[in-house]
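> Spelled out, the chains give:
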Amino acid sequence: MFSFAGLVELAKADQVKTDQVKSGLVKPGLAKQRLRSINFGQLAALLLLLTIFALILLGPLISLFSKAFMTKGGDWAGLANYTQYFKTPSLTISIGNTIDISLWSTLFSATFGLLFAYALTRTRMVGKLFFKYLALLPIFMPTLIHALALVFLFGKQGIITQLGLDINLYGRTGIIIAETIYTFPQAFLMFSIALEYADGRLYEAADSMGVSPFTQFIKITLPDIKYTAVNVLFVCFTLAFTDFGAPKVIGGSYNVLATDIYKQIVGQFDMNMGAVVGTLLLIPALLSFVVGKVTNSINASTLSSRATNFKIKKCMPRDVAFFIVCIAVSLAFLALTAALLIGALSKYFPYDMSLSLQSFMFDSSTGGINSFSHSLQMAIFTAVSGTVFVFIYAYLVEKSQRFSLLKKIGRLLSALPLALPGMVIGLSFIFFFNNANNPLNIIYGTVLILVLSNVLHYFSVPFLTATGALKKLDSEFECVSESMGVPGYKTLLMVSAPLCLPAILEIFMYFFVNAMVTVSAVVFLYSAQFQIAAIAITHMEEAGNISQAAAMGFLILLINVIVRILYEAAIKIVKAKLARKEITNV
Amino acid sequence: MSFLEIRNITKRFNEQIALNNVSASVKKGELVCILGPSGCGKTTLLRIIAGLETANLGQIIIDGKDQTYTQPKDRNFGIVFQSYALFPNMTVLGNVLFGLKQRRELSKEEVHARSLEALRLVDLLEHKDKYPRQLSGGQQQRTALARALALSPSYLLLDEPLSALDAKVRVKLRSEIKTIQKSLAITTIMVTHDQDEALTMADRIIVMNNAIVEQIGTPREIYDCPSSAFVASFVGTMNVYQQKSVTYAIRPEKLEVVNRHDKYDLAVNVNEVEFKGPLTRIYASCADAPEIYIDIPSEKADAMRVRIGATMFLKTPQKHLRRWTV
Ligand SMILES: Nc1ncnc2c1ncn2[C@@H]1O[C@H](COP(=O)(O)OP(=O)(O)OP(=O)(O)O)[C@@H](O)[C@H]1O
Ligand SMILES: [Mg+2]
Numbered sequence: 003m004f005s006f007a008g009l010v011e012l013a014k015a016d017q018v019k020t021d022q023v024k025s026g027l028v029k030p031g032l033a034k035q036r037l038r039s040i041n042f043g044q045l046a047a048l049l050l051l052l053t054i055f056a057l058i059l060l061g062p063l064i065s066l067f068s069k070a071f072m073t074k075g076g077d078w079a080g081l082a083n084y085t086q087y088f089k090t091p092s093l094t095i096s097i098g099n100t101i102d103i104s105l106w107s108t109l110f111s112a113t114f115g116l117l118f119a120y121a122l123t124r125t126r127m128v129g130k131l132f133f134k135y136l137a138l139l140p141i142f143m144p145t146l147i148h149a150l151a152l153v154f155l156f157g158k159q160g161i162i163t164q165l166g167l168d169i170n171l172y173g174r175t176g177i178i179i180a181e182t183i184y185t186f187p188q189a190f191l192m193f194s195i196a197l198e199y200a201d202g203r204l205y206e207a208a209d210s211m212g213v214s215p216f217t218q219f220i221k222i223t224l225p226d227i228k229y230t231a232v233n234v235l236f237v238c239f240t241l242a243f244t245d246f247g248a249p250k251v252i253g254g255s256y257n258v259l260a261t262d263i264y265k266q267i268v269g270q271f272d273m274n275m276g277a278v279v280g281t282l283l284l285i286p287a288l289l290s291f292v293v294g295k296v297t298n299s300i301n302a303s304t305l306s307s308r309a310t311n312f313k314i315k316k317c318m319p320r321d322v323a324f325f326i327v328c329i330a331v332s333l334a335f336l337a338l339t340a341a342l343l344i345g346a347l348s349k350y351f352p353y354d355m356s357l358s359l360q361s362f363m364f365d366s367s368t369g370g371i372n373s374f375s376h377s378l379q380m381a382i383f384t385a386v387s388g389t390v391f392v393f394i395y396a397y398l399v400e401k402s403q404r405f406s407l408l409k410k411i412g413r414l415l416s417a418l419p420l421a422l423p424g425m426v427i428g429l430s431f432i433f434f435f436n437n438a439n440n441p442l443n444i445i446y447g448t449v450l451i452l453v454l455s456n457v458l459h460y461f462s463v464p465f466l467t468a469t470g471a472l473k474k475l476d477s478e479f480e481c482v483s484e485s486m487g488v489p490g491y492k493t494l495l496m497v498s499a500p501l502c503l504p505a506i507l508e509i510f511m512y513f514f515v516n517a518m519v520t521v522s523a524v525v526f527l528y529s530a531q532f533q534i535a536a537i538a539i540t541h542m543e544e545a546g547n548i549s550q551a552a553a554m555g556f557l558i559l560l561i562n563v564i565v566r567i568l569y570e571a572a573i574k575i576v577k578a579k580l581a582r583k584e585i586t587n588v
Numbered sequence: 112m113s114f115l116e117i118r119n120i121t122k123r124f125n126e127q128i129a130l131n132n133v134s135a136s137v138k139k140g141e142l143v144c145i146l147g148p149s150g151c152g153k154t155t156l157l158r159i160i161a162g163l164e165t166a167n168l169g170q171i172i173i174d175g176k177d178q179t180y181t182q183p184k185d186r187n188f189g190i191v192f193q194s195y196a197l198f199p200n201m202t203v204l205g206n207v208l209f210g211l212k213q214r215r216e217l218s219k220e221e222v223h224a225r226s227l228e229a230l231r232l233v234d235l236l237e238h239k240d241k242y243p244r245q246l247s248g249g250q251q252q253r254t255a256l257a258r259a260l261a262l263s264p265s266y267l268l269l270d271e272p273l274s275a276l277d278a279k280v281r282v283k284l285r286s287e288i289k290t291i292q293k294s295l296a297i298t299t300i301m302v303t304h305d306q307d308e309a310l311t312m313a314d315r316i317i318v319m320n321n322a323i324v325e326q327i328g329t330p331r332e333i334y335d336c337p338s339s340a341f342v343a344s345f346v347g348t349m350n351v352y353q354q355k356s357v358t359y360a361i362r363p364e365k366l367e368v369v370n371r372h373d374k375y376d377l378a379v380n381v382n383e384v385e386f387k388g389p390l391t392r393i394y395a396s397c398a399d400a401p402e403i404y405i406d407i408p409s410e411k412a413d414a415m416r417v418r419i420g421a422t423m424f425l426k427t428p429q430k431h432l433r434r435w436t437v
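So the protein lines, in turn, are chains A and B.
For the first sequence, the positions run 3 to 588 when the working numbering is used.
For the second sequence, the positions run 112 to 437 when the working numbering is used.
Next comes chain B alone, as it looks inside the complex:
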């Protein structure tokens, strides 16, 4: 039984279609990433789930109830925006208290205890009296998270929560958010355009492009069995080759480099060799493919003495070759 169901949502802004018949479902306690390029409708979908925007068509079912047209305040969710939208004139604690104070049913002590609990959860207790602008980007992000979690929402919405941070902090916060999410077992929908983020954090990924859903699946499914050429090249690197109406694709690490020439093997010219730690990436080309990516273990590359300008032979294992007919 799914916790949240998105049914045939269509959203138009004037003449522009931002979401075109989008359907998906999210299970309780799951972290789902909405992944897609800029402008594909991710934020719009999130705002419709939040009730900040109303769909033209379709339904949003939350916890078995039709919530398509309810107000945000009646949906009981927490939200973190890309800008964090922390109130700059309130301290960290003030930000967290702002929403809690609205809850008439909570006593003063409860309000206080819950705000401190939320801050402890994101490890910000010692910074509670600082103003947002006096915090680092990562701390601001965690404040926004604490504010969203303090009301014990039944689900959490995150719009590119990490994109404003630098790479190191981002990687660290990925696992922190994931840990908090798992420990609270809170259903979470997170928008991102960063495929690494989606692959490492999500239980399932909804890949979007041009206002439609391209594919829904676990990170493994999305990576190993992309359902379209778009998904294949958007998530990870993919060699795509088009022949008449058929598109062929294979991951760089699935290509095998062979020494001896077999008549089915492909002869390619090495253009560039890039050492990437355990793997070495080779950029090669041949008559009908101007750019081919090949990843092989660095040890093997050393042993083979790959050189720029040399000719190599590639074997494409049929079981890893994906085909789509247009």
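Here chain A stands alone, though its shape is the one from the complex:
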């Protein structure tokens, strides 16, 4: 693929040569000199990063697809695996199940997300900052823990169940609630961004014509956010569709595709069938990816020309109504967190509720405290290497003077991980790396493969953050440096990176938090010697030791919140430092 790109560039140079020879302007042989004008250091760096990225991204995917179309023996199977799959009702039932729970949880989280975002952007209610941070709480926990917290409240011996309200948690109901919690922050964040833009003039005009607030919402606000809404629906649907953690804990006998893959691979060692289900998981993800691309491009073209001086009117009943919604959602989240804490701090839930730190003495058979320190190591390693890789990658793609074809390929590749569910990444990584013919298989079973899968899994959003920050920098910094003979890496280190420090910190935090909570990709890749916390939780839960599971979940939440607070503090310091130099637009 990349030698192809190189060939194209060389062919272009050749074309110029023939042009020059034909026109009789230049002696033949000068085309060779043109090569001198290429910045080979930059070209080599760009090629190297793209090759690494493409290898890690496309290699495993190709392995996945070849597994799906092959027999166990490794012969070409065509669609045989798929026909077999669709002839097995015990497997296909999961398709309907997965669609069912995804639709319901999407409906709920989109509705609550919209209400919450509207409350925070378009009302004058009190406590906005508090609500904003609380809404993000689910992000800091693995989806396993959302489900586990529900077990403490609504499970067989749950606190609320004991009070007489049995909602029949295990199965469909539980999954829908857990996925709603999981996808809510996404819906909320996306709607907030869309609602922050408002053309005040439209609302003033509507007011002067006596249009009611409700009609204003239908006629002005909704059309404004309709593309975001479409996007939210697809994103939430895909997240719920591909999640593994929650159904693992409270799915019971209700099968979904993600748990099916796990059973096929870990339970029955049927790699080919696992691959078939994996490709099914890709369908909504790819669809969502395409919808996102399209709606974002439409949004970008309509947003730019807007006046944004929207004044929120005083309206007591509205503020009170939204305050109640926010309080309800927040209480629910707080109740879940409290339940988790109670579970973790009780001696033996639910039989002995006396306060004890015993659950924090983790059994080594299910991972032990080591798994937590492994998770920390993995998250730090992911955050450091991910941030460095993403930033340099974005820098080369954004700031290279030439190589427009390579830069285009780089941009294209950067967005692809967004369409890859963690399950699919994990699965395809086994196929690719756990292969004796692959020299890279030395990293199989090490922390390296976990880090690699995380960096790939969470690559796209940091890439956008980095390019966004780099785009704000004067494109002529590089030209000036080059003219002064300053090598490119020095400009990157001394100018671009310091100016993009806020973005770099954000990327670091993003990688860290996600590496701490992810289960889906790493569940296939961890080794017995390198247990990690989120996986240990599944083992504790399987062993019936849900108090320890809760304790571990609580530790993950705690460390993530601490990292978030450190991040906010660091950002404040950095921004203050930049402000002292009057650099405000970064």
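Simulated from the structure, these hints should not be mistaken for laboratory data.
Treat the hints with care, as some may be off.
No farther apart than 20 Å at their CA atoms in a straight line, the calculated lysine to any residue pairs in the SDA-like style are these [what the hints assert, rightly or not]:
| no. | chain 1 | residue 1 | chain 2 | residue 2 |
| --- | --- | --- | --- | --- |
| 1 | A | K313 | A | T125 |
| 2 | A | K313 | A | G212 |
| 3 | A | K474 | B | M201 |
| 4 | B | K184 | A | G43 |
| 5 | A | K315 | A | T217 |
| 6 | B | K184 | A | L495 |
| 7 | B | K239 | A | I585 |
| 8 | B | K184 | A | R38 |
| 9 | A | K473 | B | Q193 |
| 10 | B | K184 | A | S39 |
| 11 | B | K184 | A | S402 |
Chain A side only, calculated, beta carbon under 7 Å to chain B, not exhaustive [to be verified]:
| no. | residue |
| --- | --- |
| 12 | I382 |
| 13 | S485 |
| 14 | V488 |
| 15 | G490 |
Remember, it's a predicted structure, so these values are computed and weren't measured experimentally.
The beta-carbon is built from N, C-alpha and C at its ideal position, and this holds for glycine as well.
Following the hints, complete the assembly by docking chain B with the ligands onto the known chain A.
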């Protein structure tokens, strides 16, 4: 012997031609302005001279060496961009030091001395510890100039260095840049779309339009003997009159206003009179020319009592009348 030679440069961006067979030369120590309307290819030409862009065809010869394909770092020039591109996280001194520190052959003391010398040259010594955003536009501009000059480049490239400044500062900096350029005798190529800037600063002007060179000459030559109707109307004001395939043109100040009617004189109607200090501009029209500009000394205008709506007679001295056949 010219210092820099631009030979038959052609540059395409995809299908669009940004430079079409452009040739020019610059003598050592000269200040040459590239003048032309927006989008005519000025910046592209400058970037090719700098090596930041590579031409599709043609050659760049610098100091006798073919530099068409060398990297910017091997060309030894200083450059100032329209945006200045000052590193906002470094002080004025830091900006100037950034490039100097790359020079292995310079000792620490030399580096320091040279940075201070560059700052003294642009009169910014007392602001050396400020950050770029804490400076006025003119000071930022001079910082960029100091940074470009600190490496003792063999030539200097300026892309619209003054266009971001307000009119007063601009006029002041024109003469400052010119003074520095002359005192260092540094070959300088400056891009501008401002004809006043080009006329007052340049030793020679390269007038460009639509990716080609229209004319190269001293400011006087360009003004007095424009080689095309485009140059004539782009540099200064020009009355242009087209008759069949011939274009006639004459500067407003070359038109003579006469009192008495001669059969060769042109009768025009005065539409507007504008007092411009020593000169008065009269906007007039006649049957086949809707807009005629006439500049006459204000004293004479007073004496003649020019009034709106009045009829005047114009004489067009043949020696100042320019003709181009299409
Ligand atoms: N990197 C590029 N890719 C594509 N087209 C370009 C690129 N750079 C310049 N052009 C095109 O080449 C033409 C000449 O551009 P150039 O920047 O040289 O104009 P200019 O004379 O400097 O104009 P201005 O006075 O507006 O700065 C323009 O039409 C421009 O759109
Ligand atoms: Mg330009």
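> Against each hint, give a clear statement of whether it holds in the structure.
Structure-based check of all given hints:
1. K313(A) x T125(A): Satisfied, since the Cα-Cα distance of roughly 10 Å is no more than 20 Å.
2. K313(A) x G212(A): 17 Å, holds
3. K474(A) x M201(B): 17 Å, holds
4. K184(B) x G43(A): 13 Å, holds
5. K315(A) x T217(A): Holds: K315(A) and T217(A) sit about 15 Å apart, inside 20 Å.
6. K184(B) x L495(A): 19 Å, holds
7. K239(B) x I585(A): Answer holds: K239(B) to I585(A) is near 17 Å, not above 20 Å.
8. K184(B) x R38(A): 12 Å, holds
9. K473(A) x Q193(B): 18 Å, holds
10. K184(B) x S39(A): With Cα atoms ~11 Å apart, K184(B) and S39(A) stay inside 20 Å; holds.
11. K184(B) x S402(A): 15 Å, holds
12. I382: 27 Å, violated
13. S485: Holds, because the Cβ-Cβ distance from S485(A) to chain B comes to roughly 5 Å (cut-off 7 Å).
14. V488: With a minimum Cβ separation of about 5 Å from chain B (threshold 7 Å), the hint on V488(A) holds.
15. G490: It is violated, given that the least Cβ distance between G490(A) and chain B is near 10 Å, above 7 Å.
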